[in-house]
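Colleague: In case you want the letters, here they are:
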Amino acid sequence: MRWLSIITILPLTAGVAAAALSRIRPATGFWVARVFLMVLTGIILWQCFSYQPKFDDPKSLWIIEEPLLISGQWAMIYAPAADGINLLPALSAVVLTTMAFFVSTAGPLSSMLLLLGALSCSLGALFAKDLLLFIIFMESALSLNLFSIALKGRRLFGAVRRAFIMQAVTGAPMLLAVLAIHWKAGGPGFLPADLIEATLEFSPEIQLLLASAYCVTLGSRVPLVPMHGWFMEISDESDPASATTLFALVSLVAIYGFIRFAMPMFPAVSPVFWTLVGAMAALGLTHMGLIAFFRRSPAQILTRARAVVASLAIVGVVSATRPAVAGAVFILSTQGLAFASVCMMLVALDKRGNPPPEIIALKMPRLATMAFIAILGIIGLPGTTGFVGNILTLGGSFRSHPVMAATAALGMATISGSLLTLPWRAFGQKATATTVQTPRLRFEESAPMVAILIIIVALGVFPGVVLSRISPSVDRLCEELRHRRTMARVIEEPVRAVEDPTDSGANKKPPMLLDKAP
Amino acid sequence: MRIIVQSLDFDILMILLCIVPLVGGFLSALTGKRDRVRNRILRHAALFSDIAAFAVMALIVYRRFHLPLGAMQLFVDWGNWFSVEPLTAGITLRMDTEAGILCGIVIIGTLLLQIRNTMAGRDPKIRGASSVILAACLLFILADNLIPVFAALAAIAPLVAIAAMRSGDESEIGHRSARILLTHGFGNAFALLGLFCIFGALGTLQYERIAALAVARPPSINEAMFGAVLLLLGVGLRTGPGLLNAICPFSATIYLSYRLSDLVGLIPVWIFAVCVIALGGWCIANIAYSVFDPKKTRWRLPSLSKSVHAGVASFFDQYLDQRVFRSGAHEIIKIPLYIGKLMATWTTTARGWMGIAAVGVMIAMSVYFKVGR
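In order, the protein sequences belong to chains A and B. Letter by letter, the first sequence follows residues 1 to 518 of this note's numbering. Letter by letter, the second sequence follows residues 1001 to 1373 of this note's numbering.
Here chain A stands alone, though its shape is the one from the complex:
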C-alpha cells in the first residue's frame, strides 16, 4: 500500500462512510467525517516529520510507475510524490477543511460529501507528478467546491453559474498549452521532465505564449489581480467556512502549481516576464488592500486579506530566491490557520446574532482576545507565523526584485490597516441581537480556535520546525531552476553565434537569462 494514495483517497472514503452512516443517524455523519479528517491529519503529520521525502527520488516509497486510465501516447502516470514543498501545504489543506467541518454544520450532507471529494482532489493535485493529472485534479477540486457551495442555497446559483463559466474560460489556456507541448514532445506521458525539452524546441515567442497560458489559469485561481473578480465574487457570496475551504483547496493548489510547474517548465522565458507577473501580484496586493479598506463586511475584508497573502506568496515564488520561495511555502503551510481562526470567530458571532463590539468585549472577552491575536497573526505580529513568512518572502524577493518587494511591503501595510480596523468597523454592522444575552462559547467552538492559536504562536516562535522540512526541498528546486536556466542558455547561445558571428555580444550572458538570485 502507498501512504500518499491512502491519504488522497481517505477524505472521499470518509465522505462516503459519513453519508452511509447519516442514513442511520444524521449527526453521526459529521462526526465520522471529522474523525476521518483528524486521522488523515495524523498520517500526514507522521509523514512530514518522520523523515525528509524527496520529490524526484526513485527510491521513494510512493512512486507507482503504472500508467493510469489510459496507456500509450496519452498515458497519465499516477505517481504521487511528496517533499517539503507539497507535504506541509497538504497538511494545511486537511487541517483547514477539518476546521471548516468543526464550525459549520450548515448545508445538506451531499454538500459535505462534495467538499470531502474536493479535498481528495486537492491532495491528488498536490501529490501529482503528472502535469495533466495535476490540471484534472485542480479543476475537479474547484468544480466540487463550487457544487458544494451551490447546494447551500438557491441564492448562490447565479454566482456559482458565473464561476463555472469563468472556470471553463480561464482553465482552457493551460490545458491547451500542456496539450501543445505534449504534441511537440510526441512521447508518452505528461511528466514535466519529459515535457521541458519539448518546450525548449518552441520559438521564444511561443514559449512566452505558453507561459502566459499557465499564468492565466493558475493566476485566476490564486487569485491574482486582474483575474480575480469571479473568485472574489463566489467567496463573498458563500459563507465564511466555504470561502475558507475554497482558498485552502484551490488557491493553495494554484500557488503550488506556480512553484512546481509554471516556473520550472519555462527556463528560457525571459525573467522580465516573471518579474511582470510578480509586479502584477504586488500591485494587485496593494489594490486589494485598498479595496478591503472600504468594505464593511468582515467576511469580505477577510477574503481580500486571503487574496493579498496569496499574492504575496506569488511575489516570493517568482523571485526564485531561496528565502523567498521558502517564505512562500511557509505562508502556504501556515498562514491559512490564522484565517481559519478568524473565520471560526465570525461563524461563532453569526450564530449569536452579530453582537456589537462593546458587547463582544464585555461578554466574550476571550473570543475578542483570540480574534485580536489571530488578526495580528495574519498581518505578521512577531512571534506568530505571519511574521516569519512575510520577512522571508519580502526579504528574499528584495534582493532580486527590490521595487516589487517594496510595493508588496506597502501593500501589506495597507491590508494591515483594513484588518486592524476590522473588529471595530465591521462587527455589529448587521447586528441582529436584541439583547445583551450572548451564549458562551461551547467547547467544540473554542477548542479548535485555541488549538490553532497555540500552533500559530508555537510555529512563530520556533519556525525552524517547519523550515527545516521546507528548506532542503526548496534548495533542490532553486538549484534545479538554476540548472535548467543554464541548460537553456547553453542550447540558445550556439544558435545565436551561428546566426550572427560578427556580433561581439553573442558570447555574453543574455540579459533575459541573467540569474539575479544570489
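Simulated from the structure, these hints should not be mistaken for laboratory data. Misleading hints may appear alongside valid ones.
To be verified - Below are the DSBU-like pairs computed for lysine-lysine, each with C-alpha atoms no more than 35 Å apart in a straight line: (1) A:Lys152 x A:Lys351; (2) A:Lys351 x A:Lys363; (3) A:Lys363 x A:Lys152; (4) B:Lys1033 x A:Lys351; (5) B:Lys1033 x A:Lys363.
What the hints assert, rightly or not - What follows is a list of derived Cβ distance ranges for each label pair: (6) B:Asn1039 x A:Ser468: 40 to 48 Å; (7) A:Lys363 x B:Ile1015: 34 to 42 Å; (8) A:Ser50 x B:Ser1220: 39 to 47 Å.
As the list claims (entries may be wrong) - Residues of chain A placed beyond 12 Å of chain B at every Cβ, according to the derived structure: (9) Phe147; (10) Arg154; (11) Phe164; (12) Val169; (13) Leu179; (14) Trp183; (15) Ala193; (16) Asp194; (17) Met227; (18) Pro271; (19) Val272; (20) Arg442; (21) Arg482.
Where is the CB? At the ideal position from N, CA and C, for every residue including glycine.
Got chain A; can you put chain B on it based on the hints?
Modeller: Relative to the frame of chain A, chain B by itself:
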C-alpha cells in the same frame, strides 16, 4: 579593543532580563474580573516582574564590577530564530556600556509607571501591556541583529493600541487604537524596507558586520545608506497616547543611529538634517498635542488625533475626580488633594515643556555630532 564576556551566569541574567517582564505582562493580562485571590495576585504580576527586572539589572551591574574595567560587552548567543541562507535572524544579545545605561533608564521608567498604575488602580491589561513593552524595548536595545530589532518594534504597536483601548474616552477607543495601529503599520513598512535595503546592499543584518562593510565602502554603499534613512524614518514614525509614546520613537531613532553610526555617518548632512527635523517636528507635534490639547475628540494633526488625547494629565484629572471628589472622602483630606491636583496640572504642563526642550536638545546633539564628523 572591546572585551566580550561570555559566561553562563551572564547568559542566565540576560535571558531573565528579557523574559521576566514578558511573562509578568502576560500573567497580568490574564487577570479576571472577579475578586479572587488568584486575580489579586495576577493584577500585580506586571509590577513584580518589573521589580524583578530591576533586580536582575542591578545584579548585572554588580557582576560587571568584578570584570576588567573598560568598554566591555556582555554577549549571549541563542542561535538562530529562523534561517534560510542568506537571510538569517540570529538571536544574539549584546550589552555594552551605552546599552546598559539605556536598559537601566527604560527599566526604571517602566517601574515608576507601574507604581503609578498600581496606585491608581488602573486596568491590569494596561499594566500587562506596559510590562511587555518593557520586554520589547529591552530586546530593541540589546539585539545584535536587525530582524529581532524590527520584531521588537513591530510588537510595540499592538501593545500601545491595547493601552490606548483601555484608557480614555470609551466612545472613541476603537478609532484611536485603529489609527495607532495604522500609523505604526506604515512605520513598520518603512522600517522593513530600510532593513531589506541594507540586507540587499550589504548581505547582512548584524551591527558589527554592517559597520565593517560600511567602513570598507563597497559599491552598494549608497543603497545601504538609503536603507538606513528609511529604517530611521520607520522607527521614528510612530505615535501613541501620552508623552512617553511621543518621545520614545525619537529616542529609539537616535539609539539606532548610534548603533548604525558607521553607516549613518555616510549619509549626506542635508538628508540627515531633514530627517532629524522631520522626526523632531513629528515628536514635538505629538507632545504638544498630548499636553495642550488632551481632551479633543477630533483629529487636529495628521495621524495623531485621538490617539494622543489620553495623556497623563487627563489620567490624573479622572483619577482625582473619580476616586476623591466623588467618593465623599473626608473634608480634611480634600485640601492636600486639591493641592495635589494643582501640582499635577503644573507638572503635566512643565513636563510637556521639558519634553519639547529634550527633543530640541536631541536634535541639536544629533546635528552637532553629524556635522562634527
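Colleague: Are Lys363 (chain A) and Lys152 (chain A) close enough, with their CA atoms no more than 35 Å apart?
Modeller: Roughly 31 Å between the alpha carbons, so the hint for Lys363 (chain A) and Lys152 (chain A) holds.
Colleague: Taking the closest pair, is the beta carbon of Ala193 (chain A) still more than 12 Å from chain B?
Modeller: holds (26 Å)
Colleague: Compute the least Cβ-Cβ separation between Val169 (chain A) and chain B, then decide whether it is above 12 Å.
Modeller: holds (36 Å)
Colleague: Closest CB-CB distance from Leu179 (chain A) to chain B, is it above 12 Å?
Modeller: holds (37 Å)
Colleague: Verify this label for me: Arg154 (chain A) is non-interface relative to chain B, using a Cβ-Cβ cutoff of 12 Å.
Modeller: holds (37 Å)
Colleague: Run the distance test for Lys1033 (chain B) versus Lys363 (chain A): straight-line Cα separation, threshold 35 Å.
Modeller: Satisfied, since the Cα-Cα distance of roughly 12 Å is no more than 35 Å.
Colleague: If I take the minimum Cβ distance from Phe164 (chain A) to any residue of chain B, is it greater than 12 Å?
Modeller: holds (38 Å)
Colleague: Minimum Cβ separation between Pro271 (chain A) and chain B greater than 12 Å?
Modeller: Label holds. Min Cβ-Cβ 17 Å, cutoff 12 Å.
Colleague: With d taken as the least Cβ-Cβ distance between Phe147 (chain A) and chain B, does d exceed 12 Å?
Modeller: Holds: least Cβ distance 39 Å, greater than 12 Å.
Colleague: Is it true that the CA of Lys1033 (chain B) sits at most 35 Å from the CA of Lys351 (chain A)?
Modeller: holds (26 Å)
Colleague: Does the claim that Arg482 (chain A) lies off the interface hold, with its Cβ farther than 12 Å from every Cβ of chain B?
Modeller: holds (15 Å)
Colleague: Is 40 to 48 Å respected by the C-beta to C-beta distance linking Asn1039 (chain B) and Ser468 (chain A)?
Modeller: At roughly 41 Å between Cβ atoms, Ser468 (chain A) and Asn1039 (chain B) fall inside 40 to 48 Å, so the hint holds.
Figure legend: structure checked against the earlier numbered hints; every hint is met.
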